[in-house]
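The primary structure of each chain is shown beneath.
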Amino acid sequence: MGSGVLRSINWFGIVAGILVLTLPFMGAWLIAQAGTGAVTISTSPFDLSISFLGQPLQSSLVGLFLLFTKIAFVIAGIFLIMSSLFPTSWWSKRLFGFGVMRPFGQVVYLAVLLVIAALVANILLPSVLVGLLGGAGGFQISTLVLPIVFIVVFVVSIYVIYKLFSRLLAKISHETVKSQLKGNIILTSIFIATLVACFLVYQRIPAPSTGSGGTQVNLSIPYVSGTTTSTIQIGNTLAVALPITLSLTGIFWVAVATAVVCIIARVYQGRYLSGETTERQETRKVMKLKPTEKKVLKLKAK
Amino acid sequence: MKKDTALKLGLMLLGILLSLGPLIISLGTHNWDIVAAVMPSDAELNQTQNLVTGLIDNQGFTADTFSLGSPTIQGNTIRVPAQFTSPFKIPITLESLTISVSDQGATIAQLRTESSVEIPAQGTVSITFVGTYTGTTLPTNPQISGIDNMTIEVYGITISARLSSVPGG
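Top line first, the protein sequences correspond to chains Z and W.
Heads up, the first sequence is in our numbering, so the first residue is 1 and it goes up one at a time.
Heads up, the second sequence is in our numbering, so the first residue is 1 and it goes up one at a time.
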């Protein structure tokens, strides 16, 4: 293989492709546990394993979705490697675009999903449980207002963060890089906006709900990672303390690294497509010109 | 240009197939019943239900759950050795247990387990109840008149129950 051909390979893309290809088979990204083995959930965008007192529980629909995500990643990995080996071929851009942002999307999706799930569980679930256990309780006005506050803060945050990033983006002169970074900035804005909204709403979470029967539910689920203890008190007769642990595994950080490599590969590939390929296309165009047209072009250049 | 458009359409179709495929396949194999497609199978749910309902022996706490031994007194502290047979079909940790003890029909003391003890599934362990006793003579026939408080740990979940039942009563 000549040095020119080697130089034209997108090595970042090759690494990204291998990582994308292997990521679905590495294992769980997140492990959630209630008690010590009472409920265990190991999950990633490709696998979900739920066990209740050691008894596994499976959903056919969820299982198929995860299997298809796995297949999508394998295809995306192969496409990434192929398009990185031949970055100037006509199909390269399309194949590259098919899977390059998938890891980043999945990482952001999982993080956002966790934060929203924890928020919903921490705010709404205590009221629902009090309603179920204590008869009274139910939803409080402040509880219903919180999701609205969340949505408003979320939208405003996205707008503000996107505007801030756009200002930074304006300083980048390379058009292709700029357009590619735009997509990443939108996703990052959504992620940061979710965190900001969650934090602000968290400040307004009401005190543990108490029903008329003396039922008190203090549900506390960690945001993304950590250990908390939730308590349920039914009158003076029963009290249950349930430790909940959420931990991100090393594979999650491999996924984050994969997402970063993919972004670098995308920027690198973008430079190829807008730089080297455009140059080649221009050369090809000039070669196709008639001799008289070539003369005109030379004169114009002078 | 035509090749590029064809590839673009092909990839778009592949994306749609990968997104909607599982939904269509899963619903199709479950007679378009979304609940059946999402929920675990009946067999799994039944096994889980049996696990939960089978956690405790059908009879629960009975007179045979505890058998008290001969008490000893040191100062105003009374110690009563006992055998505890767990009615739970899973291993538990008995964190604390408070009982009322009577002798000749009259409540003489409220006793508490000395330390936490791990008990295997439906296993029997020796425990010691400790409490304050103001009587002058040793109880001759101590009986448990009631279980006041019990704290157990099951699968890392701590459950504290205030009871007022008399075993076997």
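Watch out, some of these pointers could steer you wrong.
Have a look at the derived ranges for each label pair, beta carbon to beta carbon [unchecked claim]:
(1) Ile251(Z) to Gly60(W): 42 to 50 Å
(2) Asn50(W) to Ser247(Z): 25 to 33 Å
(3) Leu17(W) to Ser51(Z): 49 to 57 Å
Hints were generated in silico from the structure; no laboratory data involved.
For each residue, glycine too, the CB sits at the ideal point set by N, CA and C.
So, going through the hints one by one against the coordinates:
1. Ile251(Z) to Gly60(W): 42 to 50 Å: holds, 44 Å
2. Asn50(W) to Ser247(Z): 25 to 33 Å: Holds - the Cβ-Cβ distance for Asn50(W) and Ser247(Z), about 30 Å, lies within 25 to 33 Å.
3. Leu17(W) to Ser51(Z): 49 to 57 Å: About 32 Å separates the Cβ atoms of Leu17(W) and Ser51(Z), which means 49 to 57 Å is violated.
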